[in-house]
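Trainee: Residue-level listing of the chains:
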Amino acid sequence: MIIPILAAFAAGLLVILSRQVNGRLSMSTTPLISSFWNHFVGFVFLTVVGLVLGGLIPANIAEMPWWIYTGGAIGVVFVASGSWLITRIGAVNSTLLVIAGQMVFGVIFDLLRGAPVTIWAAALGVVLILAGMWLTQRKR
Amino acid sequence: MPLAPNPFVSGPLLPKLSPPSSYSNRTMTSPPTQRTNPLHLLAAFASGGLLTLAIFVNGEAGRFGGAMFSSWLAHGVGTVVAIVFLAVAWRGQRAAAAEATTKIGKAPLWAYLGGICGAATVMLTSTSVNSPLALAGTLALGLAGQVVLSLAADFWGLLGLPKRRLDLRDAGAVILIAAGSLLIILFGLGAA
Chain D
1 MIIPILAAFA
11 AGLLVILSRQ
21 VNGRLSMSTT
31 PLISSFWNHF
41 VGFVFLTVVG
51 LVLGGLIPAN
61 IAEMPWWIYT
71 GGAIGVVFVA
81 SGSWLITRIG
91 AVNSTLLVIA
101 GQMVFGVIFD
111 LLRGAPVTIW
121 AAALGVVLIL
131 AGMWLTQRKR
Chain V
1 MPLAPNPFVS
11 GPLLPKLSPP
21 SSYSNRTMTS
31 PPTQRTNPLH
41 LLAAFASGGL
51 LTLAIFVNGE
61 AGRFGGAMFS
71 SWLAHGVGTV
81 VAIVFLAVAW
91 RGQRAAAAEA
101 TTKIGKAPLW
111 AYLGGICGAA
121 TVMLTSTSVN
131 SPLALAGTLA
141 LGLAGQVVLS
151 LAADFWGLLG
161 LPKRRLDLRD
171 AGAVILIAAG
181 SLLIILFGLG
191 AA
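Residue numbers (this note's numbering), protein chains in the order written: chain D, 1 to 140; chain V, 1 to 192.
Hints are supplied without guarantee of correctness; some may be wrong.
What the hints assert, rightly or not - According to the in silico footprint, chain V covers these stretches of chain D (three or more CB under 8 Å from chain V):
#1 2-10
#2 29-41
#3 49-62
#4 88-95
#5 108-116
Said to hold, decoys possible - Which chain V residues face chain D? A few, computed with CB under 10 Å, are given here:
#6 P38
#7 R169
#8 S181
Hints in this document: simulated from the structure, not taken from any laboratory.
All C-beta atoms, glycine included, are put in the ideal place defined by N, C-alpha and C.
All chains, please: the whole structure from these sequences, using the hints.
Mentor: Now the structure itself:
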């Protein structure tokens with residue numbers, strides 16, 4: 001059980017590490033150029049890993065709906081905006097507000113598509129998040 | 001996201017950072033003054049919404065071919081899309097990049113390796129999602145990892161980014177947003 005716990009925690013560390021590294025590249029280039037390198041290097045890396053492990057491309061790839069291909073496009077904008085933001089509002093604010101947005105839009109998204117949502121917990125969670133956001137934007 | 005400043009715009013929006021001297025002089029005692037623009041915070045919040053969408057879409061791709069395939073596909077499509085965006089905006093991007101390099105200096109080689117972190121993230125989360133931690137536990141622990149490293153990053157100015165002074169207000173924001181998120185992850189969504 002210790003391995004999955006460490007893996008999940010390390011995944012969180014890597015999310016921030018990658019935003020920090022991409023942010024550094026964007027300082028010397030632009031957020032969009034940084035986002036390109038992020039995706040290109042990740043693609044090359046995953047292709048190599050996929051070739052080693054095998055079975056990367058599923059047999060039923062032709063049956064995927066077209067919109068599944070949009071994930072990468074959203075990712076380009078997300079990574080570029082992350083680099084742009086971290087050099088302006090810092091790592092903690094970026095982390096907190098991206099998580100806040102992910103959670104609040106996640107609840108709205110699940111409500112809209114009729115996925116099960118426990119209203120009291122989701123509502124209280126959103127209230128706490130909004131209160132935390134108010135703290136991040138208060139003037140010193 | 002009508003309110004989000006466009007990350008592709010070059011020129012005046014580019015490095016409004018603290019002066020380069022703060023990067024060379026790592027021993028300075030007073031971190032750069034910090035004022036957060038509410039529009040930037042709103043943009044960050046909106047980008048979290050983009051993340052929700054991307055995770056949903058990539059999750060569907062994962063149902064077809066697994067997490068590795070999903071990440072590979074997203075990085076491949078992302079590479080192509082980034083090239084198209086760059087081709088469209090090339091003149092401004094090139095000028096902005098040249099200006100940034102003059103001001104800040106060339107990026108170190110490691111700065112090009114952010115994509116490996118992203119790719120490795122997928123391998124780690126697909127390990128933990130398929131353990132008793134499940135999705136909720138993976139998200140909750142991942143959130144903890146994100147908060148810990150971003151606090152360290154701001155405190156020490158890790159990896160060449162500006163240092164930021166942290167105070168009680170930051171602690172309050174961390175506690176409220178983390179608590180709210182954990183409530184949603186552990187009890188609010190389908191997991192409960």
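Trainee: Identify every previously stated hint that the structure contradicts and give their numbers, smallest first.
Mentor: Violated: none.
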